[in-house]
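S.K.: Sequence:
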Amino acid sequence: MAPWPVQLAGRTTAGQELLLDPLRRRDRKDWVRVRSVNREWLGPWEATAPEDDPRPVSFSGLVRHYNREGRAGRMMPFTIRTEGQVVGQLVLFGISWGSLLSTSAGYWIDRRVAGRGIVPMALALAGDHALGPMGLHRIEVNIRPENTNSLAVVRKLGFRDEGRRAAYLHIDGQWRDHRTFALTREDLGGATLVERLHTNHTSHIGDTPPHVPEGPAHGT
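Going by numbering that gives the first Met the number 0, the first residue of the sequence shown is number 0, and it counts up by one from there.
Hints were generated in silico from the structure; no laboratory data involved. This structure is a prediction, so every number in the text was calculated from the model and none was measured. A portion of the hints provided could be inaccurate.
[Unchecked claim] Distance condition first, Cα-Cα at most 20 Å in a straight line; then the derived SDA-like pairs of lysine to any residue: (1) Lys28 with His64; (2) Lys28 with Thr81; (3) Lys28 with Arg63; (4) Lys28 with Leu61; (5) Lys28 with Glu39; (6) Lys28 with Arg70; (7) Lys28 with Thr47; (8) Lys28 with Gly83.
[Unchecked claim] Just the calculated beta-carbon pair ranges, DEER-fashion: (9) Gly189 with Lys28: 42 to 48 Å; (10) Gly14 with Val56: 34 to 40 Å; (11) Pro55 with Gly162: 33 to 39 Å; (12) Gly162 with Glu45: 20 to 26 Å; (13) Gly93 with Gly60: 16 to 22 Å; (14) Val36 with Gly97: 21 to 27 Å; (15) Gln6 with Val31: 20 to 26 Å; (16) Gly83 with Leu61: 19 to 25 Å; (17) Asp176 with Gly83: 20 to 26 Å; (18) Ala165 with Gly83: 41 to 47 Å; (19) Ala46 with Arg23: 18 to 24 Å.
Beta carbons: idealized from backbone N, C-alpha and C, even for Gly.
Taking the hints into account, I'd like the entire structure generated from these sequences.
M.R.: What follows is the structure, encoded as structure tokens:
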């Protein structure tokens with residue numbers, strides 16, 4: 000079982016500091032602001048429930064849920080921060096222990112800071128934590144084929160394309176096909192994802208064109 004809470008710190012390939020840590024009650028104002036500003040941009044990529052639940056989830060309820068799931072070892076719900084501000088989220092979810100030792104990752108980023116390499120580094124930091132201290136063997140990201148920006152994130156990190164899953168997740172009101180990208184500990188050959196990201200950045204492998212931001216919502 001992995002401990003929670005956890006903080007992970009790093010720098011983007013451009014040198015910007017970022018921090019992954021838990022969502023806290025004092026973040027309410029920042030969280031509401033960033034989610035409100037990005038509602039239209041994130042909407043097409045966000046998970047929805049096949050049967051709408053009319054009960055709203057309060058912010059304090061969301062924080063309690065994340066902490067409960069984190070302590071239970073079922074989720075690592077990181078907030079992405081730069082310059083002390085909430086700018087996105089990266090969640091390791093569906094964590095399986097025992098003989099599987101696997102997790103999925105999802106993420107979203109504030110459109111105003113997209114395209115700065117924040118999401119690739121956040122995924123690298125979380126992936127290294129999952130495959131290192133957490134002791135997991137595999138991490139996967141499921142992305143809608145239309146989400147070319149999010150596809151660029153996993154390409155920068157060298158995730159393996161494992162193919163298409165039909166009607167895999169309920170996104171924006173419908174069941175959507177997804178492509179699955181994965182990495183195992185062996186795929187890294189003793190290196191880390193952070194090291195791989197810096198190497199690929201230096202050699203321009205998988206670079207996103209300057210006008211294309213990282214994809215917004217939860218790796219979908």
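S.K.: Each of the hints needs a verdict: does it hold here or not?
M.R.: For each hint, the structure was consulted:
1. With a C-alpha separation of about 18 Å, the suggested pair Lys28 and His64 falls inside the 20 Å cut-off, and the hint holds.
2. Distance restraint check for Lys28 and Thr81: the Cα-Cα separation of roughly 16 Å lies within the 20 Å cut-off, and the hinted pair is therefore satisfied.
3. Restraint check for Lys28 and Arg63: the C-alpha separation of about 17 Å stays at or below 20 Å, so the hint holds.
4. Between Lys28 and Leu61, the direct Cα distance comes to roughly 14 Å. Compliance with the 20 Å bound is thereby established for this hinted pair.
5. Between Lys28 and Glu39 the CA atoms are separated by roughly 19 Å; this keeps the pair inside 20 Å, and the hint holds.
6. Only pairs whose Cα atoms come within 20 Å are accepted, and Lys28 paired with Arg70 is rejected, the gap being roughly 25 Å.
7. Taking the CA atoms of Lys28 and Thr47, the gap is near 24 Å; set against the 20 Å cutoff, the hint is violated.
8. Proposed proximity of Lys28 and Gly83 is supported: the alpha carbons are some 13 Å apart, at most 20 Å.
9. Range check, Gly189 to Lys28: Cβ separation about 43 Å, and the 42 to 48 Å hint holds.
10. Restraint check, Gly14 to Val56: a C-beta distance of roughly 37 Å satisfies the suggested window 34 to 40 Å.
11. At roughly 37 Å, the beta carbons of Pro55 and Gly162 sit within the given window of 33 to 39 Å.
12. Under the hint 20 to 26 Å, the C-beta atoms of Gly162 and Glu45, about 23 Å apart, fit the expected range.
13. The hinted window of 16 to 22 Å between Gly93 and Gly60 holds, with their beta carbons roughly 21 Å apart.
14. Roughly 41 Å separates the CB atoms of Val36 and Gly97, a value that falls outside the hinted 21 to 27 Å.
15. At roughly 23 Å, the beta-carbon separation of Gln6 and Val31 lies within the given 20 to 26 Å, and the hint holds.
16. A C-beta distance of roughly 20 Å is found between Gly83 and Leu61, which places it inside the suggested range of 19 to 25 Å.
17. Remark: the range hint 20 to 26 Å for Asp176 to Gly83 is contradicted by a beta-carbon distance near 38 Å.
18. Hint check: Ala165 to Gly83, Cβ distance near 42 Å, so the stated range 41 to 47 Å holds.
19. In this structure the hint that Ala46 and Arg23 lie 18 to 24 Å apart at CB holds, the actual value being about 23 Å.
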